[in-house]
Amino acid sequence: GEDVEQSLFLSVREGDSSVINCTYTDSSSTYLYWYKQEPGAGLQLLTYIFSNMDMKQDQRLTVLLNKKDKHLSLRIADTQTGDSAIYFCALVSGGYQKVTFGTGTKLQVIP
Amino acid sequence: DGGITQSPKYLFRKEGQNVTLSCEQNLNHDAMYWYRQDPGQGLRLIYYSQIVNDFQKGDIAEGYSVSREKKESFPLTVTSAQKNPTAFYLCASSSGISYNEQFFGPGTRLTVL
Numbered sequence: 001g002e003d004v005e006q007s008l009f010l011s012v013r014e015g016d017s018s019v020i021n022c023t024y025t026d027s028s029s030t031y032l033y034w035y036k037q038e039p040g041a042g043l044q045l046l047t048y049i050f051s052n053m054d055m056k057q058d059q060r061l062t063v064l065l066n067k068k069d070k071h072l073s074l075r076i077a078d079t080q081t082g083d084s085a086i087y088f089c090a091l092v093s094g095g096y097q098k099v100t101f102g103t104g105t106k107l108q109v110i111p
Numbered sequence: 112d113g114g115i116t117q118s119p120k121y122l123f124r125k126e127g128q129n130v131t132l133s134c135e136q137n138l139n140h141d142a143m144y145w146y147r148q149d150p151g152q153g154l155r156l157i158y159y160s161q162i163v164n165d166f167q168k169g170d171i172a173e174g175y176s177v178s179r180e181k182k183e184s185f186p187l188t189v190t191s192a193q194k195n196p197t198a199f200y201l202c203a204s205s206s207g208i209s210y211n212e213q214f215f216g217p218g219t220r221l222t223v224l
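Protein sequence lines correspond, in order, to chains S and Y.
Residue numbering for the first sequence follows this note's numbering, starting at 1 and increasing by one per position.
Residue numbering for the second sequence follows this note's numbering, starting at 112 and increasing by one per position.
Hints are computed from structural coordinates only; laboratory data are not their basis.
Hints should not be assumed to be uniformly reliable.
Below, a list of computed lysine-lysine pairs in the DSSO-like style, where the Cα atoms sit at most 30 Å apart [unchecked claim]:
id	chain 1	residue 1	chain 2	residue 2
1	Y	K168	S	K106
2	Y	K120	S	K98
3	Y	K125	Y	K194
4	S	K106	S	K56
5	S	K56	S	K36
6	S	K106	S	K36
7	S	K106	Y	K120
8	Y	K194	S	K98
9	S	K98	S	K67
10	Y	K182	S	K36
11	S	K70	Y	K168
12	S	K98	Y	K168
Output of the computed footprint for chain Y on chain S, the stretches with three or more beta carbons under 8 Å from beta carbons of chain Y [claimed, not checked]:
id	region
13	40 to 48
14	102 to 111
In this text, a Cβ means the ideal position worked out from N, Cα and C, and glycines have one as well.
My request is simple: use the sequences and hints to build the entire structure.
Below you can see the structure in the form of structure tokens.
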């Protein structure tokens, strides 16, 4: 099956940029997503990128996709304490409606 | 307001008992999903349903059962056969079109004593 890996933990200072990375194995994925999970809550879609794009920017968020290396990243500019959460990358693989989630990266923002 | 609800938020059960987790959505979505979340392991798919009266096993279906009798509802039963049921359970739904965003409920934390 699909394998989606992330580092478990990232710590940054408030105001700095955060970069969360994700690697995957299935090169046939059509959509790739970033979800955010706040403590004790469900996940919320932050942004997504279609596989024929290299980059997508949405306010403080920048998504980069390197299809050759099967690498997806999420950059958060001017990171705030409210950005502290777990971030999951996810992608569609195999069947159209089956989404595979990464292991999640816990972002800690230090004031 | 449209959304997806799960109840209860916290659930405690004795070992050997079956327990059913509720998931309801009023988004008119065809597809619904159950995930299990454990620390450091991300989300693992238990079961999913693309349409009423049909569902498929996910990656970790053993010890779980589901039903999909109504479009709005997708309850999950954690049976006594599930060896390690204590976890955070998340339900989601999606329309299945375009970029297929999944909408998540707030989750149920199940603790088996």
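Comparing the hints with the structure gives:
Proposed proximity of K168 of chain Y and K106 of chain S is supported: the alpha carbons are some 29 Å apart, at most 30 Å. Proximity of K120 of chain Y to K98 of chain S is assessed by CA-CA distance (about 26 Å); at most 30 Å being required, the pair is judged to hold. Between K125 of chain Y and K194 of chain Y the alpha-carbon distance is near 13 Å, which keeps this suggested pair within the 30 Å criterion. For a cut-off of 30 Å, the pair hint linking K106 of chain S to K56 of chain S stands: about 22 Å separates their Cα positions.
Distance restraint check for K56 of chain S and K36 of chain S: the Cα-Cα separation of roughly 17 Å lies within the 30 Å cut-off, and the hinted pair is therefore satisfied. Note on K106 of chain S and K36 of chain S: the hinted pairing holds, with a Cα-Cα distance of about 10 Å set against a maximum of 30 Å. Restraint check for K106 of chain S and K120 of chain Y: the C-alpha separation of about 22 Å stays at or below 30 Å, so the hint holds. Pair hint K194 of chain Y plus K98 of chain S holds up; C-alpha atoms about 25 Å apart against a cutoff of 30 Å.
For the given pair, K98 of chain S sits about 20 Å from K67 of chain S by alpha-carbon distance, which is consistent with the 30 Å threshold. Pair hint K182 of chain Y plus K36 of chain S holds up; C-alpha atoms about 26 Å apart against a cutoff of 30 Å. Restraint check: the Cα-Cα separation between K70 of chain S and K168 of chain Y comes to about 27 Å, which is no more than 30 Å; the hinted pair holds. With a C-alpha separation of about 11 Å, the suggested pair K98 of chain S and K168 of chain Y falls inside the 30 Å cut-off, and the hint holds.
A count of 7 residues in the region 40 to 48 of chain S with a Cβ less than 8 Å from any Cβ of chain Y is obtained; the coverage claim is therefore met, three being the minimum. Coverage of the region 102 to 111 of chain S by chain Y holds. Counting CB-CB distances below 8 Å, 3 residues qualify, and the rule asks for three or more.
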